[in-house]
Amino acid sequence: MKTLGIHTKYFRFEGREKAMEGAEVLKADHGEMSIDHECIVIFIGVEKGDSESPSSVASQLASDTVKRASALNVETVVIYPYVHLTENPSTPRIALQVMDDLEQRLSQYLSVVRAPFGWYKAFDLSCLGHPLSEWSGRYIPGEEAEEAKAEEKEEGRKPSEFVRFVVVDLEGEDYEVNSEDFSQCPVFKKKQPVYKMLKQFVSNELGRAEDTGKRPKHIEYMQTHELVDYCDASEKGHYKWYPKGLLIQKLILDYAAQLAHEWGAFEMKNPIIIRGDHNVVGELMGEFHERDYQVDGGRGVCYLRYASDPLAFPFMQNTIFTHKQTPLKVYEEATCFRNEQEGEVSGLKRVRNFMMTDMHAACASNEEARKEYEILCLKFAELMNNIIARGRWVLGWEGTVGFFEENKDWLISIGKRMQVPAFFKLMPEMSHYFAIKNEYQAITDDKANVQVSTVQWDVKDGERFNIGYIDENGHKHPCPVIIHASSFGSIERTLCAILENIAIDAKRGIAPMFPLWLSPTQARIITVSDTFIPFAEELCNTISRYNIRVDIDDRDDTVGKKIRNGEKEWIPYLLVVGEKEKDSGNLSVRSREDRRQKEMTVDEFIGMINEKTEGMPFRPLPLPRLVSKHPIFYG
RNA sequence: GCUGGCGUAGCUCAGUGGUAGAGCAGUUGAUUUGUAAUCAACUUGUCGGGGGUUCAAGUCCUCUCGCCAGCUCCA
435 MKTLGIHTKY FRFEGREKAM EGAEVLKADH GEMSIDHECI VIFIGVEKGD
485 SESPSSVASQ LASDTVKRAS ALNVETVVIY PYVHLTENPS TPRIALQVMD
535 DLEQRLSQYL SVVRAPFGWY KAFDLSCLGH PLSEWSGRYI PGEEAEEAKA
585 EEKEEGRKPS EFVRFVVVDL EGEDYEVNSE DFSQCPVFKK KQPVYKMLKQ
635 FVSNELGRAE DTGKRPKHIE YMQTHELVDY CDASEKGHYK WYPKGLLIQK
685 LILDYAAQLA HEWGAFEMKN PIIIRGDHNV VGELMGEFHE RDYQVDGGRG
735 VCYLRYASDP LAFPFMQNTI FTHKQTPLKV YEEATCFRNE QEGEVSGLKR
785 VRNFMMTDMH AACASNEEAR KEYEILCLKF AELMNNIIAR GRWVLGWEGT
835 VGFFEENKDW LISIGKRMQV PAFFKLMPEM SHYFAIKNEY QAITDDKANV
885 QVSTVQWDVK DGERFNIGYI DENGHKHPCP VIIHASSFGS IERTLCAILE
935 NIAIDAKRGI APMFPLWLSP TQARIITVSD TFIPFAEELC NTISRYNIRV
985 DIDDRDDTVG KKIRNGEKEW IPYLLVVGEK EKDSGNLSVR SREDRRQKEM
1035 TVDEFIGMIN EKTEGMPFRP LPLPRLVSKH PIFYG
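Residue numbers (our numbering): 435 to 1069.
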């Protein structure tokens, strides 16, 4: 629904002729009215999408209008149907429904005048012209008026209204805590460093994040290492990816796909535009905070995909599967757009366009769901340990008190098996679609946490979207549980967590570098002089054949300078070649990890790299193999 | 959105009212180098943008844009 509001000195209108069949019957006054005092006129264009919930848009507009009227000290409001505000009008029936509803709501507080619907009307007004005298509005079904939101809050239905907090240690002992004195909990007196991280996470969740005022390290790294950067041709929160960053992104996606396939999912892909009048929008909008991007191709309002579910659910709904085929497992690389508020977007931690690696399992029973839930939890723990946060992470949980009590032992055992402490936030009732979900939180250098993976237990959407399996008798049953999981919550956040984790290394005197399989250049050949370039190229060919990204620094610099540059680029292995190597055929390998130089044969070197990257995806060099051919992207 | 901070060369930054600078990077030349910076010369500017104060503004005022931090929320 689109609206235009005007604060006017007076307002007169007169119905002239019928514009359509469904026009309202004019009352005795022949649709004429003259208001000779200050009033508010609301021109209203009801849109197709509003049919999802006419009462929702009406309540929002009513609430805004009442506030506006009180601010302007006005007691009369005119409801004026004005279809020309939108290119995508609803049916007259819906529009009338909205007007009726609106009239009813407004008349509780104000004197309301209705202009007739479906007539060509003459009108006359005089806008007062002060800064608050004109305003436009856009309302989407599914949003609640702020009063309704406030009521909800009081009823304790908002996710922030958690009523119980439980900390669980590595042994599986649980401790109830509260926001006042959580720091007294004996768990935090334990020696293992992971409890310090847990405390940091709990205090971020319960209290205030510590204000370090520092720029996160990952932003510096993403630019200076030419991975990702701001894009001045786009808006904030949308980034450009340089070749090296893109390589890393694609390798992570390769890995996520590999993981999903091993799990038994098939990969599919949905569009990024969602029709505004499709029922998923109305059903799910409220759960994603309406931070949508609207797109108008001239055929009615559409939304850029704001989450994976609104398209993944229809996909599963339309898939026919039987009790022999459950759980139905799907995997998707889902590009999502969220029109985050100004000031919320920050580096790679919070962006407006991100790629999720999304997994769903539609399960036929709780038992089936439990099994999948466990498998995914343990799998993601490996990801956190091996790739993203190398032991510097903790587990957060959100769910209902009821689900927690019923499944306490099981939930706690999951964390125990992952060897990670956990923090539960529990609410009395479900506020979203999940009964329980966990969040894998990487702990960063600046005392913050970055949420990456998640596994969620959805008990609502099987039924709501009629996603179900066919039983032995040919009857369809909605799935009682759908597991939602995201291996790499988003690629952007994954990269953020990896970079922040590297920053912690650097601070502790460990050489900062990417995991070998993600290093854009895994090995660089450094020639002692340009006479060895042909030999270097030959060597490069040999090594490259074994799926190793190796380039050659052929620039006219001293060996010392080239080493320095290679180290600054975090290249794991630097191979200096000169007379000695040419004669012996051996390599002089400088390893960044242990800061040592070793002599080994070419085969030994290849074997070592292959062994260290075994099972991980591979892609070739993102830039020309001769370093002299690399352009400068950042500085 | 609100509060605070920052914005000067491709990068990192100095410049507190009086001729726009340094280091790195880049280009050219010399050098042919053995494990974290070879030497020299040269190039590089809408001082984020608009407006104002002033004889004079990178510097002071004002508006605006961008970035960062916090509030809030999430993947």
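The set of hints was computed from the structure by calculation and includes no laboratory data. Some hints could be false.
Taking lysine-lysine pairs in the DSS-like style, the calculated list, with each CA pair at most 30 Å apart, reads [what the hints assert, rightly or not]: (1) K842 <-> K871; (2) K648 <-> K623; (3) K871 <-> K910; (4) K482 <-> K624; (5) K910 <-> K941; (6) K859 <-> K910; (7) K625 <-> K674; (8) K648 <-> K850; (9) K674 <-> K703; (10) K894 <-> K684; (11) K1016 <-> K941; (12) K452 <-> K482; (13) K452 <-> K501; (14) K1016 <-> K1046; (15) K763 <-> K482; (16) K684 <-> K941.
Note that the structure is predicted; figures quoted are calculated from it, not measured.
Hints, verified against the model:
no. : hint            : result
1   : K842 <-> K871   : 13 Å, holds
2   : K648 <-> K623   : 28 Å, holds
3   : K871 <-> K910   : 27 Å, holds
4   : K482 <-> K624   : 59 Å, violated
5   : K910 <-> K941   : 57 Å, violated
6   : K859 <-> K910   : 35 Å, violated
7   : K625 <-> K674   : 43 Å, violated
8   : K648 <-> K850   : 34 Å, violated
9   : K674 <-> K703   : 23 Å, holds
10  : K894 <-> K684   : 33 Å, violated
11  : K1016 <-> K941  : 39 Å, violated
12  : K452 <-> K482   : 22 Å, holds
13  : K452 <-> K501   : 34 Å, violated
14  : K1016 <-> K1046 : 26 Å, holds
15  : K763 <-> K482   : 34 Å, violated
16  : K684 <-> K941   : 28 Å, holds
When each numbered hint is compared with the structure, violations occur for hints 4, 5, 6, 7, 8, 10, 11, 13 and 15.
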